[in-house]
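Visitor: Residue numbers (my numbering), protein chains in the order written: chain A, 22 to 356; chain B, 22 to 356; chain C, 22 to 356; chain D, 22 to 356.
Derived by calculation from the structure, the hints in this document are not laboratory data. The reader is advised that the hints may include incorrect statements.
As the list claims (entries may be wrong) - Once the Cα atoms are required to be at most 25 Å apart in a straight line, the calculated DSS-like pairs of lysine-lysine come out as:
| id | chain 1 | residue 1 | chain 2 | residue 2 |
| --- | --- | --- | --- | --- |
| 1 | B | K280 | A | K347 |
| 2 | A | K305 | D | K340 |
| 3 | D | K228 | D | K340 |
| 4 | B | K347 | B | K187 |
| 5 | B | K280 | C | K305 |
| 6 | D | K293 | D | K280 |
To be verified - Here are the simulated distance ranges between beta carbons:
| id | chain 1 | residue 1 | chain 2 | residue 2 | range |
| --- | --- | --- | --- | --- | --- |
| 7 | B | Y276 | A | D184 | 15 to 25 Å |
| 8 | B | Y276 | C | I35 | 30 to 40 Å |
| 9 | D | S84 | A | K73 | 17 to 27 Å |
| 10 | D | K305 | A | A243 | 35 to 45 Å |
| 11 | B | A58 | C | E179 | 39 to 49 Å |
| 12 | D | K324 | A | Q102 | 50 to 60 Å |
| 13 | D | K67 | A | E81 | 27 to 37 Å |
| 14 | B | H298 | C | T161 | 46 to 56 Å |
| 15 | C | Q45 | B | Y276 | 20 to 30 Å |
| 16 | A | K305 | C | N221 | 24 to 34 Å |
| 17 | D | S182 | A | E62 | 27 to 37 Å |
Think of the CB as a built atom: it goes at the ideal place given N, C-alpha and C, for glycine as much as any other residue.
There are 4 protein chains.
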Amino acid sequence: MNKVKIGIIGAGRIGKFHIDNISQLDEMFEIVAVADAFSTELESLKARYHIKNVYKNYTEILSDSDVDAVLICSPTDTHAQIAIEAAKAKKQIFLEKPIDHDINRIKEVIKEVEKNNVKLQVGFNRRFDHNFKTIQQQITDNKIGKLQLVKVTSRDPEPPSADYIKSSGGLFMDMTIHDFDMVRYLAQSEVVAVEVFGGNLVNDEIKQAGDIDTAVINLRFANGALGQIDNCRAAAYGYDQRAEVLGNKGQVIAYNDQKSNTELYTAEGVEKEVLPHFFLDRYKDAYRDEFKEFYQAISEDRKPSVNETDGLKAVEIAKACQMSFKEHKEVKIQN
Amino acid sequence: MNKVKIGIIGAGRIGKFHIDNISQLDEMFEIVAVADAFSTELESLKARYHIKNVYKNYTEILSDSDVDAVLICSPTDTHAQIAIEAAKAKKQIFLEKPIDHDINRIKEVIKEVEKNNVKLQVGFNRRFDHNFKTIQQQITDNKIGKLQLVKVTSRDPEPPSADYIKSSGGLFMDMTIHDFDMVRYLAQSEVVAVEVFGGNLVNDEIKQAGDIDTAVINLRFANGALGQIDNCRAAAYGYDQRAEVLGNKGQVIAYNDQKSNTELYTAEGVEKEVLPHFFLDRYKDAYRDEFKEFYQAISEDRKPSVNETDGLKAVEIAKACQMSFKEHKEVKIQN
Amino acid sequence: MNKVKIGIIGAGRIGKFHIDNISQLDEMFEIVAVADAFSTELESLKARYHIKNVYKNYTEILSDSDVDAVLICSPTDTHAQIAIEAAKAKKQIFLEKPIDHDINRIKEVIKEVEKNNVKLQVGFNRRFDHNFKTIQQQITDNKIGKLQLVKVTSRDPEPPSADYIKSSGGLFMDMTIHDFDMVRYLAQSEVVAVEVFGGNLVNDEIKQAGDIDTAVINLRFANGALGQIDNCRAAAYGYDQRAEVLGNKGQVIAYNDQKSNTELYTAEGVEKEVLPHFFLDRYKDAYRDEFKEFYQAISEDRKPSVNETDGLKAVEIAKACQMSFKEHKEVKIQN
Amino acid sequence: MNKVKIGIIGAGRIGKFHIDNISQLDEMFEIVAVADAFSTELESLKARYHIKNVYKNYTEILSDSDVDAVLICSPTDTHAQIAIEAAKAKKQIFLEKPIDHDINRIKEVIKEVEKNNVKLQVGFNRRFDHNFKTIQQQITDNKIGKLQLVKVTSRDPEPPSADYIKSSGGLFMDMTIHDFDMVRYLAQSEVVAVEVFGGNLVNDEIKQAGDIDTAVINLRFANGALGQIDNCRAAAYGYDQRAEVLGNKGQVIAYNDQKSNTELYTAEGVEKEVLPHFFLDRYKDAYRDEFKEFYQAISEDRKPSVNETDGLKAVEIAKACQMSFKEHKEVKIQN
């Protein structure tokens with residue numbers, strides 16, 4: 022197959038990170054355009070990455086017949102609109118999560134994607150992490166038998182700003198959404214019910230912004246398995262990303278990575294290295310590998326392994342968690 | 022202090038295990054009597070452990086003025102009655118868990134214990150385990166700061182018989198009760214609310230016996246921290262006993278023990294040793310060390326660190342879990 | 022079989038430790054006598070462990086027809102003499118290492134043992150350690166194929182006194198002797214050549230006492246495999262006891278034990294627990310299990326798995342190391 | 022500083038690997054020329070990496086005034102000649118190890134480098150590995166005090182072809198040379214004496230090619246510390262690369278990396294992931310990071326941290342090992 026000519030919409034922190042990654046996949050992609058309404062770095066990006074065109078307005082990318090695919094990493098509230106327009110323009114779509122906070126809006130995106138017969142991949146990059154991918158493969162290979170428990174721990178090293186919190190959609194929609202996708206990926210089954218306890222244990226700013234910073238979630242899956250997620254906006258020791266799955270034949274655990282596999286032995290004890298600081302560091306390879314999947318899906322003319330349905334389901338679970346937290350009871354999810 | 026002269030009521034599997042352990046604490050205890058209505062091994066126990074008297078009827082132990090303390094490891098439904106009689110007879114009491122399934126009955130025991138000013142220790146042996154004791158000490162030493170999350174994983178290697186299940190009081194009262202004590206021990210705060218999902222994933226016999234075999238539990242503590250427990254009656258890889266606690270300064274984790282600290286490297290991967298099979302193996306030292314605490318409490322004339330209140334609280338949480346499972350909602354606990 | 026009636030010769034630190042261990046193997050052994058020329062604790066040992074007779078003079082044990090076996094843990098320079106007398110008295114013999122520093126003297130012991138057809142077990146307790154036993158079993162089970170490399174690390178937490186050093190026989194005879202036995206146990210082949218570098222890196226006292234405190238040793242085995250030992254009299258982080266073996270199909274590693282399987286995560290890193298402090302702590306179970314082997318060997322009327330030949334071989338390797346250190350060259354060992 | 026314009030001499034496996042790495046360091050380097058007398062891929066390399074000129078003859082690179090630096094990854098026997106010519110042409114030099122098998126020839130290279138005042142970095146990439154770099158830093162930061170023991174384990178997953186062996190210079194010059202550099206890097210002191218045992222345990226082809234496949238080496242350092250290296254041409258479980266250093270205050274250990282930090286628990290035991298297969302995989306980041314150091318050294322006008330002296334020392338130790346193996350005795354090294 023020829024290289025996929027990709028246009029990137031949104032050149033903020035994550036957009037630039039994607040540009041750098043995609044530029045190293047030069048056998049698969051050619052970055053032909055970048056659009057950002059506010060960036061002051063368009064010209065330097067153009068020069069550094071040998072990009073043909075840079076634009077203020079993303080519609081110029083959509084109308085460029087040279088563009089095969091778009092990567093949408095603009096602000097969340099523009100995702101759905103741009104995705105719909107991109108689908109109409111027959112562009113393959115890679116979309117940062119979440120598709121939207123509104124379920125009906127997501128369904129409109131899905132409708133348009135199907136109607137125009139384009140691919141849509143959602144940026145649940147953690148599925149491509151070496152640890153999580155390994156245990157999912159072991160589950161698929163029936164190493165642990167019928168699933169009984171699926172557990173995910175996901176904690177950030179430090180809380181975001183109060184400003185970020187306010188526009189984030191809340192803990193479940195902004196942070197746990199990755200874990201909702203992860204439990205579905207590992208359980209290979211849909212979530213049918215949730216129960217939530219949430220708390221404010223990190224700092225007052227998050228509380229004042231009307232959000233919680235810590236949560237524990239019970240889950241039930243369609244296949245009968247149970248699950249647990251725990252989240253916290255601040256873990257003093259670093260970015261904590263783990264999962265484990267129990268089946269009737271065994272268990273798989275994905276531990277954290279560490280900066281080095283070394284130990285220091287002194288009279289005080291044995292000291293191992295700290296964890297990678299945060300997501301750009303921890304999921305460096307996963308961020309690149311998700312674009313390999315996007316390329317493969319396009320070249321094989323099939324749905325990406327993380328597609329619009331996955332984008333929808335994660336938001337549905339987040340909504341159910343919001344309700345369970347509010348109403349102090351189990352909330353069921355239709356699938 | 023002189024040795025504590027102890028009489029043992031109940032010489033079933035766990036009773037004999039305790040006899041062997043206590044006999045090795047010969048600087049602290051002298052086993053002066055054993056009573057069991059059904060055992061056929063009383064004479065051989067007498068000979069092997071140099072025990073003065075063996076009885077069919079436990080009341081002979083209670084009326085023996087030579088006896089300072091009793092260990093009650095008879096069937097659960099006799100615990101409260103014997104404990105009350107033992108308190109009236111001014112014996113120090115070591116009682117296997119649970120005190121009773123009925124909260125009012127437990128309160129009667131507590132009343133009688135207080136009235137007669139005797140000690141009562143409950144057999145929550147896991148508090149004396151080297152791993153859990155270590156992380157509890159680190160929490161107490163403020164190594165991880167203010168608590169945010171307390172998590173316990175507790176899974177048996179294989180399910181008990183259907184007969185056992187029927188008289189067990191159910192998963193929460195029989196199995197999770199240890200974990201309820203563990204989260205209180207680690208959180209150093211009372212549980213104020215629970216939410217439960219339960220399931221039947223292990224075998225049909227447990228279901229037919231009217232019980233669940235797998236559960237996930239959300240907890241909230243009086244100090245604001247949140248918690249999670251997961252249980253399963255069968256883990257193919259062995260007896261899984263772990264805990265972790267997150268605070269605002271760090272995290273402590275108690276992993277499983279393994280039979281040896283060895284690894285086998287082959288082309289297939291790296292193989293570590295299996296876990297200790299079950300509780301008598303895993304908590305061998307803890308079963309001995311809980312009697313050191315009993316001895317210390319008596320000799321220092323103070324309440325044991327695991328006393329009647331701990332026995333009551335664990336049952337209260339179990340009851341709340343039963344209700345949450347039934348009613349699909351959060352259940353609050355008064356403390 | 023009846024219990025083995027054992028008499029203990031030498032009631033110093035290690036002697037008392039053995040008495041306590043053997044007393045807990047009360048299905049196998051009955052301690053009927055203890056002899057020590059200098060101990061002031063004989064009467065209290067007699068009372069505590071219900072021992073029939075205590076003596077100043079060990080010959081009273083040898084002439085006691087009630088005694089089946091003797092445990093010799095007197096000073097090293099008396100080992101051979103007492104062992105020879107014990108053999109003549111037809112007692113089964115458990116002997117602390119080394120049998121003697123003089124190879125001809127060891128051969129006299131062996132001759133007398135064979136002539137009188139008694140068992141002799143040498144106290145190489147580490148063979149009974151859970152870690153080393155596990156990897157040796159894996160090697161025996163052909164999990165790693167034909168052996169290529171055998172490595173042992175053995176370091177003490179702190180150096181002994183200069184006085185101890187002076188009468189110790191030197192690093193190789195006193196400390197490395199355990200490792201010589203361990204490499205033979207793991208390699209299942211005899212050592213045919215050694216090369217040694219030694220140094221004084223710990224403190225001046227050891228140097229002034231005419232000994233080295235640190236050594237690295239190359240070994241060659243009869244089966245062609247190569248080996249390495251490293252020793253140090255002081256490791257600030259504790260008692261370091263590891264081994265690893267490479268075969269053409271894989272590798273086995275025996276790591277250190279730790280006081281608990283816990284980790285503390287903070288911003289500074291991940292802290293695991295310290296190692297067990299020293300040998301009585303680290304090899305607690307092995308010290309007991311070596312007596313189970315002694316009992317089994319007697320009851321099955323066979324040579325103990327660690328016998329007089331093993332006692333001889335370890336001393337022969339120690340002698341070769343002393344020569345290699347002195348002459349800066351490879352020293353061959355006849356087998 | 023401007024980008025360093027680099028010309029690459031030798032486009033075999035390692036040369037192409039370097040080209041790909043250096044192309045990703047596009048803020049530091051511009052690859053302006055590649056020369057290889059035999060490669061059939063020059064044109065495709067030129068196109069893929071936007072390289073101005075490709076040549077059959079490396080002298081065209083040396084005479085190109087546009088070239089600031091050369092990377093020499095041609096066959097070993099051409100290293101010294103090309104390095105001397107490059108120094109005369111005032112090019113900065115990055116040279117794959119070893120500089121040469123002949124010590125006098127290496128000294129000629131050093132003389133020319135000094136005379137022309139150019140930098141020379143040797144490709145001991147392992148110094149830039151995250152694990153080894155971490156423990157070296159901890160040593161430098163005095164976390165373990167005065168050094169006592171330095172140990173390196175280095176084993177290949179599978180032996181090279183007999184043809185490769187024949188022209189390799191032998192185990193010490195070809196394989197152990199990396200470990201000689203590593204022990205110097207960790208010990209921060211020169212090797213003053215070695216003792217070697219070698220063996221043929223892997224396959225007959227290596228023996229027939231006149232080389233050994235397995236070796237254990239004792240080392241003594243100028244600072245008094247002792248050391249050990251073990252090597253094997255075949256480890257069935259993968260590429261084994263570890264180091265540990267003991268000081269009087271503690272110990273540091275660099276373990277192997279694994280493909281993922283996951284564990285599979287079944288009734289058979291706990292299975293961790295396999296090791297990275299071989300050096301291009303294991304040292305991927307180190308191969309890139311060594312060029313960052315080359316760039317830094319040039320831009321700061323200082324000697325690279327791994328320079329011509331390091332190239333010389335490693336070969337001197339290899340020569341001493343060859344002699345010790347032959348003469349069965351300690352061989353001293355003048356520094």
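Visitor: Please flag the earlier hints that this structure goes against, numbers listed from lowest up.
Guide: 1, 2, 7, 9, 11, 14, 16, 17
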